[in-house]
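J.: This is what each chain is made of:
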Amino acid sequence: MRAFSYERVSAPAQAASRAAEVPGAKFIAGGTNLLDLMKLEIETPVHLIDVSGTGLDSISDTREGGLRIGALVSNTDLAANERVRREYGVLTRALMAGASGQLRNKATTAGNLLQRTRCPYFYDTAMPCNKRAPGTGCAALGQGAFSRQLGIIGTSDACIATHPSDMAVALRVLDAEVETVTPAGASRTIPLDEFYRLPGDTPEIETALMPGEFITAVKLPPPVGGRQAYYKVRDRASYAFALVSVALVRQSDGSGRVALGGVAPQPWRRAQADAALPDGANAVMSRLLDGASPTEENAFKIQLAERTLAGMLAEG
Amino acid sequence: MSPPIRFEMRRRTFLVGTASAVVAANIPWRANAQPTSLAGPERSTFTLVVNGEPRELAVDNRTTLLDALREHLQLTGTKKGCDHGQCGACTVNVNGERINSCLSLAVMHQGDEVTTIEGLGTPQQLDPMQQAFFDHDGFQCGYCTPGQICSAKAVLEEIRDNVPSHVTQDLTARIEATDEEIRERMSGNICRCGAYANILEAIHQAAGEPT
Chain S
1 MRAFSYERVS APAQAASRAA EVPGAKFIAG GTNLLDLMKL EIETPVHLID
51 VSGTGLDSIS DTREGGLRIG ALVSNTDLAA NERVRREYGV LTRALMAGAS
101 GQLRNKATTA GNLLQRTRCP YFYDTAMPCN KRAPGTGCAA LGQGAFSRQL
151 GIIGTSDACI ATHPSDMAVA LRVLDAEVET VTPAGASRTI PLDEFYRLPG
201 DTPEIETALM PGEFITAVKL PPPVGGRQAY YKVRDRASYA FALVSVALVR
251 QSDGSGRVAL GGVAPQPWRR AQADAALPDG ANAVMSRLLD GASPTEENAF
301 KIQLAERTLA GMLAEG
Chain Z
317 MSPPIRFEMR RRTFLVGTAS AVVAANIPWR ANAQPTSLAG PERSTFTLVV
367 NGEPRELAVD NRTTLLDALR EHLQLTGTKK GCDHGQCGAC TVNVNGERIN
417 SCLSLAVMHQ GDEVTTIEGL GTPQQLDPMQ QAFFDHDGFQ CGYCTPGQIC
467 SAKAVLEEIR DNVPSHVTQD LTARIEATDE EIRERMSGNI CRCGAYANIL
517 EAIHQAAGEP T
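Chains as they are written, first to last, in my numbering: chain S, 1 to 316; chain Z, 317 to 527.
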């Protein structure tokens, strides 16, 4: 790990302004992903801004009837929240499908959104990676590469990494918004469907956040009701990243919403696919995954996604 | 017969950074060059409350909570396994919650209450969870055991607090300490000797349930 200096801040606006002032600074809260990457020198901040004292650790009702989730609320506390498990069940299910008990106690809501990909080539500093070291190439697309876990849609010739979060897939299906404060002290709201950028030629730029911009909360609209479920398919029964995951909200008339995890650089949802839900899993996936470009190793994810949704729909 | 989903298999690409460049440079590809001058001191002084006792530390900011316990406070009961949050050997309790001490900076724990395996019991008076691991042979080599025990104690508290898990069927009902619940909640603690069956029995005994 490279040496770094360290400071604590007590207010969100102070965090953002310090991050803009100090070159090479990064925020740290739970630190479960950042420290892992710092040990491998994939992340090399020279200054850490500890934001855990900024007081953003509560969940409150919004005037509109939704929920405002502070950026520092832990994954455990969010999943266990009474209103979340009663009215936004897909979010509790997604959170509990991810990581381990120890990690969920430390991991925060904003940190979960901002976690980096688990692509093995991003993690291997002996290999090229356009996300870690722009312009070096994508080892995941090289001869004999291991791409079974990686993306099948929304990817580019520069990067086929997926976003690893389960939580974000549920937030996408719930139409969440991300609240931030900029270094200038202004607040802004970014819908989650505009938060994650597709890689294109610049896979190192992952979100719509500007330098120094600090996430203060995630906002959920009023509950949408329906039957909510999150089904995660992975190589072992617990504590593994998704091959494919499906977040589903289904109303009694058969309409609803679907988002996929494990297949793209962002939680993957399309309005035309939602609209096809009454027509079944194949109708949904032929719209949601239309134009996919899998590798030979991960083409199975297309059929797996369809069958996962079909199984969920069959359960009612 | 449902129509196939349209897709086109991606072609492999030629790497921009060629093999010869790898050999020539022979250094790992890191992220973009970062400034090297620090914005402040690279060491910090702070106090942890470890097993009820305030302990002042003056350490490099890079020191993890795990290394602070083992290397600076000589509390070597907490183990370093993978050092990346994957094995759970480093599990300790901080302010009432279990965490991976390898993935947490010591400097971020100013004033925090840390409980390690050394704080749970004594050889003369074992903690009920320690006794249960002993009674049921919940270990072989023992390296993962401090983390298993710290984690197991927290698991029972989480079930008592009705914190849901991945296998909880009804999110609004009271959660019971079933085999399935305990197994799922212990998945962040790896035992390469494979003592899982006995660990499960030990946790049941500590939970006061029939084994």
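Keep in mind that a hint or two might mislead.
[What the hints assert, rightly or not] Some chain Z residues near chain S, calculated using beta-carbon distances under 10 Å:
1) Pro319
2) Arg322
3) His388
4) Leu389
5) Leu391
6) Cys406
7) Thr407
8) Val410
9) Cys418
10) Asn478
11) Ser481
12) Val483
13) Leu487
14) His520
15) Ala523
16) Gly524
[Unchecked claim] Distance condition first, Cα-Cα at most 30 Å in a straight line; then the derived DSSO-like pairs of lysine-lysine:
17) Lys396(Z) x Lys26(S)
18) Lys26(S) x Lys219(S)
19) Lys26(S) x Lys39(S)
20) Lys39(S) x Lys396(Z)
[What the hints assert, rightly or not] Label pairs and their calculated CB-CB ranges:
21) Gly55(S) x Thr392(Z): 33 to 41 Å
22) Ser255(S) x Asn411(Z): 50 to 58 Å
23) Ala240(S) x Asp495(Z): 17 to 25 Å
24) Gly144(S) x Thr392(Z): 36 to 44 Å
25) Pro23(S) x Ala374(Z): 44 to 52 Å
26) Arg197(S) x Gln441(Z): 51 to 59 Å
27) Val365(Z) x Phe146(S): 23 to 31 Å
28) Ser58(S) x Ala374(Z): 29 to 37 Å
29) Arg322(Z) x Glu297(S): 42 to 50 Å
30) Arg197(S) x Val365(Z): 18 to 26 Å
31) Pro370(Z) x Glu41(S): 30 to 38 Å
Bear in mind the hints are in silico, worked out from the structure with no lab data behind them. These figures come from a predicted structure and were not determined experimentally. Backbone N, C-alpha and C define an ideal beta-carbon position, used for all residues, glycine too.
J.: For every hint, state whether the structure bears it out.
T.: Cross-check of the supplied hints:
no. : hint                              : verdict
1   : Pro319                            : holds (6 Å)
2   : Arg322                            : holds (6 Å)
3   : His388                            : violated (16 Å)
4   : Leu389                            : violated (20 Å)
5   : Leu391                            : violated (18 Å)
6   : Cys406                            : holds (9 Å)
7   : Thr407                            : holds (6 Å)
8   : Val410                            : holds (8 Å)
9   : Cys418                            : holds (8 Å)
10  : Asn478                            : holds (7 Å)
11  : Ser481                            : holds (6 Å)
12  : Val483                            : holds (8 Å)
13  : Leu487                            : holds (4 Å)
14  : His520                            : violated (18 Å)
15  : Ala523                            : violated (16 Å)
16  : Gly524                            : violated (21 Å)
17  : Lys396(Z) x Lys26(S)              : holds (26 Å)
18  : Lys26(S) x Lys219(S)              : holds (24 Å)
19  : Lys26(S) x Lys39(S)               : holds (15 Å)
20  : Lys39(S) x Lys396(Z)              : holds (14 Å)
21  : Gly55(S) x Thr392(Z): 33 to 41 Å  : holds (36 Å)
22  : Ser255(S) x Asn411(Z): 50 to 58 Å : violated (44 Å)
23  : Ala240(S) x Asp495(Z): 17 to 25 Å : holds (20 Å)
24  : Gly144(S) x Thr392(Z): 36 to 44 Å : holds (43 Å)
25  : Pro23(S) x Ala374(Z): 44 to 52 Å  : violated (27 Å)
26  : Arg197(S) x Gln441(Z): 51 to 59 Å : holds (57 Å)
27  : Val365(Z) x Phe146(S): 23 to 31 Å : violated (45 Å)
28  : Ser58(S) x Ala374(Z): 29 to 37 Å  : holds (34 Å)
29  : Arg322(Z) x Glu297(S): 42 to 50 Å : violated (20 Å)
30  : Arg197(S) x Val365(Z): 18 to 26 Å : violated (43 Å)
31  : Pro370(Z) x Glu41(S): 30 to 38 Å  : holds (34 Å)
Going through the hint list in order, the structure does not satisfy hints 3, 4, 5, 14, 15, 16, 22, 25, 27, 29 and 30.
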